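Using the sequences plus the hints, can you model the full thing?
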Amino acid sequence: MSETAGKTASKIKVATVWLDGCSGCHMSFLDMDERLLELGSQFDLVYSPLVDFKVYPERVDVALVEGAISSVEDEHKIHNIRKHTKFLIAMGDCAVTGNVPSMRNPFGPEAILDRAYEQNVATQAQIPCVIVPALLEKVRPVHEFVKVDMYLPGCPPSADTFYTVLSDLLAGRTPDVASLTRFGA
Amino acid sequence: MSAPVDVKTLVIDGVNVSGSAGQTVLEVARENNISIPTLCHLDGLSEVGACRMCLVEVKNSPKLFPSCVLKVEEGMEVTTASDRLKHYRQTILELFFAERNHICSVCVANGHCELQSTAQSQGLTHVRLPYRNPKLDVDASHERFVLDHNRCILCTRCVRVCAEIEGAHVWDIMGRGIDSMLIADLHQPWGESSCTRCGKCVQVCPTGALSEKSKFGAEHPKHPEFLPYLNMMREGQ
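If you read the sequences in order, they're chains A and B.
With my numbering applied, the first sequence corresponds to residues 4 to 188, in that order.
With my numbering applied, the second sequence corresponds to residues 622 to 858, in that order.
For the record, the hints were derived by calculation from the structure and aren't laboratory data.
Since we're looking at a predicted model, the values are computed, not measured.
Note that the Cβ used here is the ideal one computed from N, Cα and C, for glycine as well.
Careful, some of the hints might be misleading.
[As the list claims (entries may be wrong)] Label pairs and their in silico Cβ distance ranges:
1. B:D806 to A:V54: 58 to 66 angstroms
2. A:R38 to B:G857: 52 to 60 angstroms
3. A:L40 to B:D800: 50 to 58 angstroms
4. B:E652 to A:S13: 51 to 59 angstroms
5. B:S801 to A:C132: 37 to 45 angstroms
6. A:D34 to B:P755: 34 to 42 angstroms
7. B:Q743 to A:I130: 37 to 45 angstroms
8. B:A761 to A:A128: 24 to 32 angstroms
9. B:D800 to A:E140: 20 to 28 angstroms
10. A:G175 to B:T712: 27 to 35 angstroms
11. B:R765 to A:L40: 48 to 56 angstroms
[As the list claims (entries may be wrong)] Among the chain A residues that face chain B by a calculated CB cut under 7 angstroms, a handful are:
12. V99
13. N102
14. A181
[What the hints assert, rightly or not] Each computed SDA-like pair below joins lysine to any residue, with the alpha-carbon atoms no more than 20 angstroms apart:
15. B:K836 to B:S762
16. B:K684 to B:L631
17. B:K707 to A:P178
18. A:K141 to B:R749
19. B:K756 to A:F110
20. A:K141 to B:P755
21. A:K57 to A:P136
What follows is the structure in structure tokens.
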């Protein structure tokens with residue numbers, strides 16, 4: 004990004020998204036601490052659990068997606084995100100592999116809901132069915148639904164990994180992800 | 622007078638090397654600091670060529686060969702790293718991850734797992750195949766150890782160390798293909814088997830399939846390096 008390119012119009016638009024994950028990736032993202040200020044001056048955070056925009060923008064340059072696809076809402080969101088995003092990064096093991104949310108896959112959603120809302124509840128046991136979205140039969144990684152441009156495994160990827168990857172991308176370089184992080188890191 | 626050593630000279634990755642007849646390409650490569658990834662191989666155990674991570678190319682053959690069972694030959698030209706081999710190795714790793722439930726973040730072996738570290742060293746950042754997510758058992762019937770089938774890659778290191786080193790042959794593989802399963806004795810709970818409680822299988826397991834109870838992650842480094850030493854001491858007696 005050149006200094007003369009204008010301060011608002013040409014800044015890279017970055018979004019972060021929280022689907023079926025624990026927000027640990029977002030916490031690790033924040034663990035970049037003061038380095039966030041340095042990076043933040045190079046892009047606009049246009050959508051994120053960390054800011055207050057409610058609607059996913061029309062045009063996003065880079066989206067970091069945390070979490071697996073577990074519900075009909077996640078599925079709807081990820082298709083919408085893909086449609087409006089140039090470069091989609093699967094952030095963390097849940098987005099990349101399904102990780103902990105996918106541990107319900109061998110049992111199925113009915114067994115899990117029964118365990119959580121019927122068997123282990125002292126009073127008024129009931130499975131939530133209004134407002135909350137229906138669970139999909141299986142929890143799947145993001146790339147089984149939409150094209151993913153970069154994978155950032157790790158549970159969570161470290162702050163150093165985020166910093167190196169984002170610095171490289173902002174400078175137009177392709178980061179060597181496998182040298183920085185791994186499944187379960 | 623000792624018998625003259627039958628020396629074979631060959632080329633591995635463009636380097637002239639030599640080994641004695643009967644040595645494998647993997648052995649000679651490692652003696653010459655040429656690294657080839659492996660999972661089922663372990664120094665001190667017999668070779669089974671099961672995991673296919675150590676596949677190499679040999680000039681004038683369209684086939685790939687598992688270097689752990691490929692004997693050195695005079696004039697052989699071996700390639701251990703190429704785009705083709707990288708593709709196959711990554712695909713094999715993807716098959717391992719997709720076959721059972723390898724959830725690295727909550728695995729007892731996180732940080733000490735050879736499947737995890739090999740995936741990283743081979744540049745694997747995601748699995749293109751759909752995960753099978755089979756429903757598999759965890760056998761915690763043993764007083765000291767746990768068997769988690771979710772993490773097993775069927776390398777048979779445990780089978781071999783128990784049969785060849787401990788001499789108990791408690792472990793074996795039941796079934797065929799994707800239904801293959803590690804079993805104790807005649808498919809009994811581990812705790813009720815003829816296990817001698819030596820723990821060698823736990824030490825050689827490359828993943829979190831065999832672990833010590835109440836140990837997790839950083840507390841659970843494994844020490845497979847004891848095997849060559851044990852063999853050396855026995856041969857010396």
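Legend entry - Structure-inconsistent hints, enumerated in ascending order: No hint contradicted; all consistent.
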